[in-house]
Structures are given as structure tokens and as C-alpha cells.
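J.: Spelled out from the first residue to the last, the chains are:
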Amino acid sequence: MSETTLPDLAHALESEISIHGHADTNTGATNAKLGMWVFLSSECLFFGGFIAAYLLYKGRIVSGPTPHDVYNIPFTSVTSFILLMSSLTMVLALASIQRGDHRRFRIWLFATALFGTVFIGGQIYEFTEFYREGLSLSENVFGSSFFVLTGLHGAHVTAGIIWLLTLWGMSMQNKLHVQNSERVEIAGLYWHFVDVVWIVIFTVVYLIPK
Amino acid sequence: MKELKIGRRAYRLPTAAFIAGFSIFLGSCSNENGQNSLSPKGPAAQTINNLFIPVLIVAILIGIAIIAATFYVALRFRHREGRLDNPKQIHGNSMLEIGWTIVPALILAVIAVPTVSTIFALAERPTGPDVLVVDASGKQWWWQFELGKQPMVPSNIVTSTELHIPVNTKVLVRLHSDNAIHSFWIPELAGKKDVMPARTNEVVLEASAPGTFLGACAEYCGLSHADMRMRVIASSMADWEAWRDDQIGGPAQAYTGEVAQLTGATYGCTNCHIFDKSTKTNYGPNLTHLASRTTFAGGTYELNRENLTRWVMNAPSMIAMQAKDCRLPPPATCVGMPSFTKNTPKGQPVMTQSDADAIVSYLLGET
Amino acid sequence: MTTTIEKVIVAPEEPRQSVLRRPKETTGVWSWFTTVDHKKIAILYGATALIFFVIAGIEALLIRLQLAGPNGSVLTASQYNTLFTMHGTTMVFLVGMPLAVAFGNYLIPLQIGARDVAFPRLNMFGFWVFLFGGLFLYSGFFLGGAPNGGWFGYTPLTSAPMDAGFLPGRGPDFWTIGLIMLGVGSVTSGLNFVITIINMRAPGMTLMRMPVFVWMMLVVAFLTVFAIPCVTAALIMVFFDRNFSTNFFVAAQGGDPLLYQHLFWLFGHPEVYILILPGMGIVSEILPVFARKPLFGYSVIVFSGIAIGFLGWGVWAHHMFATGLGPVAVSAFSLATLLIAIPTGVKIFNWLGTVWGGSVRLKTPMLFALGFIAMFTLGGLSGVTHAIVPADTQQTDTYYVVAHFHYVLFGGLVFAIFGGFAYWWPKVFGKMLNEKMGKITFWFMLIGFNMTFFPMHFLGLQGQPRRTYTYASNMGWDKLNLLVTVGGFIIALSVAVFLVNVIVTTVKGEVAPEDPWDARTLEWSIPSPVPEYNFAKVPQVKARDDFWHRKYTEDDQGRLVLRPSDSADYKGAVEERVDGHDIHLPSPSYYPLVVTLGMPVLAYAAVFKEPLLVIPGVLLLLFGIYAWAIEPGTEEH
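Protein chains in written order, with our numbering: chain A, 1 to 210; chain B, 1 to 367; chain C, 1 to 637.
Hints were generated in silico from the structure; no laboratory data involved. Treat the hints with care, as some may be off.
To be verified - With the C-beta cut set under 7 Å, the calculated list includes, among others, these residues of chain C facing chain B:
1) 77
2) 296
3) 558
Idealized CB from N, CA, C, for every residue including glycine.
Turn these sequences into a full structure, and let the hints steer you where they fit.
T.: Printed below as a string of C-alpha cells:
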């Protein structure tokens, strides 16, 4: 049997719960990690569609509020900064679990989820404010493309928060270890992606004037 | 020897197919149905055809060659009992492969040059006092044509389904839609152009000789898209001017008395239609000069008393339509015309035969 | 040795955890609901897609009955619009793509020497989403309106609110939500294929040794992953416009219906290659086997496939030549479209070069492959006439276009699929399909196909627009339309013969040998039907067409020489079936089904705007995903 069994194949089958640091797939990266990369590249085109719609429409507002009327750049800058910080805490969380430091891992992971929640809270506040100022989904093309784009991003952040909290709960039950820390790494990839998308949205949607 | 025979047989089939195919092709050129893109009757359609036919012939020849080659390799190299079964293992041939990359590339490059120049030629926009400008609007599901005031037209004319143009005159058709996307297409005069909400496209028509050229909406636009047809009637300048003057004039009969009562207060036709003034548009077709048209209902029915009476009484039985509260004035949403004899809303009268006869008589200009 | 495996496979620190008791059965009816075996999933995909193929065929026949003569009265306008919408939607999303996934699922692991795909449970999830997405779309027939806005669903026709009256019923709602759902399934299977091919090849299976089918599926998988999100974005906008009064496509508010067309065709054109490249892959497998020669210019065929994949992103606007893009943009897309004809043409010549000088066996698979070359070429050539933009303004939205893409997709994909059925049937089911019935299928299909679609070229040029439920009697289209309808029924006959063939051979067919065609690729080096574990010994690949080279060598003139089976260098025997008990395989799971069940619930919630349904839908999804995530891929023994 000796040379006949193929460690890489057997391992690859297993990779949905893959083991950190041990990857003898063809590329050296585990299936799960590569899979997340491919998924995120697919997501780029998804957000690209909505960002394109927003850019196309922001100069075509027939009636109702314009971006200039409703945006509160200082406020959004703060929430954006908080979201950006959550990427930092995510990195720290991953580094902790890879070192086997579970206490710090839980703190940083929880902080990440918390920052994400603050961001979502800010978005809810912002949406309510805009709505109060007369910008609704149906008011004009700006309202439609703005709310749908940022709303879908918010949904992604929310999914990420649920994911992080699930990992946190698993860690509290001692189910996360150095060996399966790739779970955390993959969640981190997703989280960083969502942050990067926000940086693009913040720049393109909020900062670039007409 | 046997091989040779196979070879000859392999050629016979495609030859027969070619002759058969080509005769069908010639046959289709001669289909004088008024809507045949292979039978151009104006400069734009002619230009397109002059570009298309040579490309088509090249394509047909290449197609025949590939099909023949497929038959040939299949039959010529077919394994037969008793023959050696050890073909030479050829993995490729770079020169050959480069060759059959470059040759098609060259053919395509040759095709590309006239294509691009024709694209730009057809995009040229005619201007000047001798250009007739028409605003065509795609509706659900009929065409409205509006000839605005311009050097050739002293007063606004609104008509539908049938567009009259003078021969050898460039007609710039501006295309509008406030509903779905349609596509304006008179194959014998020009290629199609989509009729888009949010933008105004243009197409240039010109007929080289008098005639009736059929067209149709060529973009799926909902329930009765198939019934959204139209025709362009090209006539000599003198005939066209006579038509124009007739359109500018009022209706054949005075729009008063019983007919005005029936089409107004009784059945509410005037919510969507105009009966006495050809200069104005409304939600439905302008009917002032309906009698001057040969077809109606999106060009799907011949205009005669019998058809029109059926239509006035129960249009949805002739063309599928979605008419709900159409007896109310716009902006009540409504697509198409309601039935005046079936499913009558509460409190509204059912149309009688004699009422319908009276309305039809007025529309047809008869007494 | 097993110890190494153990070390690799088991994450011992991970405690046993599962919400439901893990299913164990790998045989029996229930096992089909919980399986994660790529071969079983492939069969599920194939069988379901075939059922949808028959349904779409019946829809097409109804359409043809209506159009057999002028002023037809078989269908109403509304019924006709629904049928052509569902025929197109079904053929693209429920037949073409899933059939390719079926072949890919079965063959990719076998051809690269793997025991399964990268994500077995995700694979099953993809199937369930496809099945429920299809059922959801068709449930519209019973729940207030099947889709009726065309398979392309142009706005503002589809995005106008229901009470605008352009399209009766809830058709566009079912359509947008159904397609979003199917898109999720397609992306997961595309992602799975990408990772499987990139990461799970057997030792020695370098990229340039991969069978062409695997190469083409890699391109297809990438195209799927990148194209689907574009249309998903567009569909979300349509749904919001229709149900939440957004203004994405409302012209009066500054919205632009052209945005939809750009997004749709940015997906839609790569989609064309998603449909045809698997066919090209299948044909590239069949031709060398039945000509007993290697593929002529392997690398050129591979690179032209990749080139098509890339160029496919730069030609989308050739679906929009009549929309008024302006001469500059139109010229650019015209040139790009002409350009893409080059790699396509190269493939055709290389295929002919493969057969040239071979020792050709005209078995059913080969007939279909040759039919593919000829018919696909005609479709490609009429495609070139579309690139001639001025001519396209006469052809687009007429029956000429209908002829064109049926030559590409029926003459191309469907011919390849039926060739693939005949070729791989013995490997999958262990029974040979009847050769005589196979040939009857081919000739009926070839004749019926040409009778159906060739006259459409003329009808289109003579001015018959597509998507019209009726035409007048004085247009001179009657005879050709009748011919087309008769042709359609001949195609139906050919499919019927195929189905009879399947039933008859399943009941009392000849048992297939392991390598009935004397084939070249790895899947033929293992028993038929393929054992659950695929390869008892994972192959060490030394060459392209590895299995062939274990059987044959070349003499000094390059001619084929059989290695004597008793010689030392002969390794061409098919692997023995073993007791695969100690081979670790992914374990069955309930959760792909559980997660998927949440999706139709949410879909109905969206269509009927029923917030109460959202709660069970989300709960099912969250529960399923969580349970899935903590369930290990493979149970330890």
C-alpha cells in the first residue's frame, strides 16, 4: 500500500475542515482558502454592478435630494474609520489564535464584531437621517442606487458579524485551536474584503464630488 | 480505386445541397411580401445588402468547404476490416496551425474594413429643409407618427400605424417610447433601431420608388408584441402633398350631435382618442383621419366596416390586451382598449349595435 | 502507511460534533438525498436536466404548432409569451448549464485522478439549489403567472410594477428570484470546479497534461464565477424596481434601461461560452479516441479555449447593435466579435486535423462529434454575419438569429451532449447503449435539426420577427414555417428513440467492458461503473493521455504499436475492483438539503411580499449553515 495512497488527495477531501499549515494540494494553498478567494473575486463583480449603477446615475437626478444635500462626511468618516479598525483587530485575532493565545483571540474577535456592529448602527442612523431629509428608495435614482448599494454592503457586514460571533461562541466552547485556525483566517479574508469594498464605496460614493 | 469512389460520393452530396440551398436562397430574394430584407427598396437597405451578400457568399462557401471536409475525413479515413489499424500519431503541425490562424484572420480583416466604413456612413444624420422629420412613438401596441411643423409640413400632423413619405426624400425618424423598449423596423428601407425610453434614437428612411413597405416592432414589448405592425407608404411628392393637405384639414364630417355624445359622455372614447383634430396627440391613436388608412389595430386588420364594428364593440376579442379601468380618464393605467360589450363595469352602459354603427360610420366618413 | 493518512486526514483535536445524527447509507433511495459522491450528484444533475430538456422540448413543440401556419390558434398571445420565455430560460439555466455540470461533476475528478471534488457537500448543495430553483420557476404556472418577459427580461418591460399592465401576472417576480437562486447554485459549482482542477490533480497531472475537457471546464468555471454576479446585480435592481418602487430603470426619473442590457449581456455573452465550451471539451475527448490519433495541436486547442474565455468578456454589446450605442462603440464591438471568430475557427481546423489520417470508427459518439463540427461551423459563420453590424440591424430579433444560436447551442452543445452520453454511458452505468438506436438518434436529430433551423435563416431575412405568436397569411412564410414545425417533431422523435434506448439497455443491455472504446484518459483505467472510491490506487501520471500510453507506444515512423500485454512496460490493464473500506471518503450529509430548503421559502416570501415567511427561511438557512460548518467533512471510522 505504501506509495499507493495519495496524501494530497485524501487530504484535499478533508480540506473543508482543513488543517492550518499543512497543505499538500497542487498549489500549496488549502481548498477552503482558495475557495474563499474565488468567491470574493466573484463578489467583486457583484458590487461592481451596483457601484457602476451608482456612478451612472449620480449625475442624472431629476428631483429630490442630491448627495450633496444629505451626506454627512464627518459622521460617515468616523464609522468608516471604525470599520477599518475592525480589520486591524481581525488581524490581531488571527495572530492570537495562531499563537494559541485564546484569551486575546476572544477579545480581539469580539472587538472586531463590536466594531462591525457600531458601523451597522451608524449606517442605520444614517439611513434614518437621509430618509427624514426626503431621500427614500423611490425618491430618485440617487436614492435607489445609494440605498441598494450600501444596503447590500450592510447585509454583507451583518453576515460577517454573525460569522464572527459564531466563531467566538465556538472558541468559548474550546472548539477552535491552532490546528483549525484556518476557519478564523477564512472568516478574516471575508471580513477584510467587506472592509475593502467599503473603502471603495466610501471613496467613490461619498468623497468623489459630482 | 475504392477510395476514389468514396471521394467522389463525398463531393456529390454537398454539391446537391449547395444547388438546393442556393435555389431556396434565390427564392427568398424574390419573396415580394413587402418586408423582405433581401429586397431593398431604399438606399440604406441597399447599402446593407451590398455589404451583406458578399459576406454571406463567403460564409456559404466556407460552410460548404467545412461540411465537405467533415464528410471527407470521416469517409476517407474510415477504418475497414482487414486494413491496418495503426495510424501515424501526429500531434500537430505548427506551420499548418499558424496558417489556419492567419488565413481566417486575413479574411476577417478584409471584411472588417467595409463593415466599419458602412457603420459610419449609415450613422450620418441628414439635415436641411428637404429632410422630412418624423417623430415615431412606440405604444402598447401600436405606432404613432407625428409630423411636426417644418418647411415641408405647415401644421402638425398626428397619425398612427401608417406613415406616408415622399419618394427620394430623406426622412429622419426620431424614435420615442414612454413605456417598454420597441424596435422600429422597415426591412426594405433600413435596418432596425431600438425605441428606447430615456433616449431618442434616430433612423433614416428613404424610398427609391413608390410603394408600400411593411414593418413590425422587432423588440419584445409585452403581451401583443406580435400585433404591433406598421407600414410606410411612399408616393410621389405631389401625391404626398395631397395626403398632407388632407390630413391637415378637419374631419370629413362635423364632430357634433349623436357621435360626439356617444364617443364622449356615453362611452368615454375621448378619454384616450381624438376625433376631430389631427394636430393633437392623446393616449390612444388619433382617429380624425382614420378613414384615410388601409389598416388599423396595429396594422393587423384591414380597415372595413365589419372589422371596425367588431373592434369598437369588443376589441380584446381581436387582439390580446390588458384593459382594466379604461373607461376612466388617464392616468388610469390601461394597456389597450376595453370591451364595450363584455365585462362592463357597474354603472356603465353596454354598447348597442346601433351605437357602434353610428360611431363606425363617423370614423369611416360614411353617412 | 495508513498512519500517514490518518495523520493527514484527522484533526484529532476537533471534538465530534453534529446537530443531526449523521446519515451513513451510501446505497438505497435515501442515499440519493444525502450523498456527497460526485458521481451520484452528476447523475442527479444529468437526470434532472434531461427531464427539464423534455419539458423545454414540449414547450418548443407547442410553439411550433402555433406557428405551423399563419394566424395560428393553438395558443393565446399570453400563453405563447410564457412558453418562449420558459423555453429559453429552461434551456439555458435548467438544461445547458446543469448538463455541463453533470458531465463536469462526473468526469473532472476521474480525468484528473481525484477521489472527489474539492467541496463535496457544496457540490450537493449546488444540485439542490438547481432542482429547487427549477421547481420554483415552474411553480409560477400554478401561483399567479409563469415568467413571461423573455429569457433576457429586458427592462422596463420586466421592471415595471405589476399594475402597469405590460406583462400579466407575477411572471417577472418568479423569473428574477428564480434566476438569482439558480445563480447561487451555478457559482458554487463553478467555484468547486475551479478549486478541484487547480488543487486536486493526481501527481504528474500537470496543467498541460490535463484532458481538454477538463481545460474547457476550468475556463467555464471561471466564466461562471465571474459572469453570474453581473446578472445577479441586474436582477436585484429589476426586483427592487418592480416591488419597491426604486428607479433603476425608470426613464422619467433618469434611470436608463440600457444599464440593464449592459449588465445582462456582460453576463449573457460569457454565458454563451459557458454553454458551448463544455461541448467543445466533449468533442475534443471523443475525436481522438475514434480516430485513434492524438488531438491535433493540443496546446492550440487549449489556448484558443482560454482566448475565447477572455475575449468573451469584450463582445457583450454585439447583442445591442440596434440600441443606438453610436458608431464608435459599435465598430469596436464589431471588430472584437470578428476577432473571437479566429480562435473558434482554429479549433474547427484542429478537430478536422485530428480525424485526418486516422483510423476512423463511425460509432454513435463519433457521429455526434462530427455532426457537432459541421453544425457548429454553420452557427459560427452566421455569427460572423452578425458581426457585420449593418447586416445585424436587419437580422437581430428575427428568425435569422434564432437559426444562428440554435446552430451554436443545439448543433453545438446538444450534439456534443448526446455524443457524450453515448461515449460515457458505459463508464457511468456499466451498460452499453444500443448502437443501432444510437445511430437512428443521430440521423433523425441531424435531419430534424437542419429541417427545423435551416429554413429559419430565410424566414428571418424575409422579415419574420422573433417572439411573435402569430403572423399574417400573405407574407410568404407559410411553407417554410410548416417545414420548421415538421422538423421540430423529427427532433422530438430522435430524443424519444434515445429515451427508449436508455430504458431498453437499462433493462437488458449488454454489460459494458471497462474500456469499450479503447480510450485514452484516466476514467477508462478503472472499473465500470466506477466504484465509489474512483481509484483504488491514485494514478501517477506520466504523460498526456496517460492511459493510452500505458497501452500503446509508437514505432520509429510514429505509427501506433500495441505494447504486448505480457511485456514489462505494459501497464494498460484496467484497475481491479477492491474493497474500498479503508479508503477515506467524504461522508453523506443532510445539511446541503437543509440549507437549500430555506431558499425557496425566502423566494416565496420575496415574490408574495410575505414577511412572515422570512423568519422560517432565515432560520432554516442559519441552522443549516451552522450545522454544516461544524460537521466534519469525513467521519472517522
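J.: All hints, please: hold or fail.
T.: Going through the hints against the structure:
no., hint, in the structure
1, 77, "holds, 4 Å"
2, 296, "holds, 5 Å"
3, 558, "holds, 5 Å"
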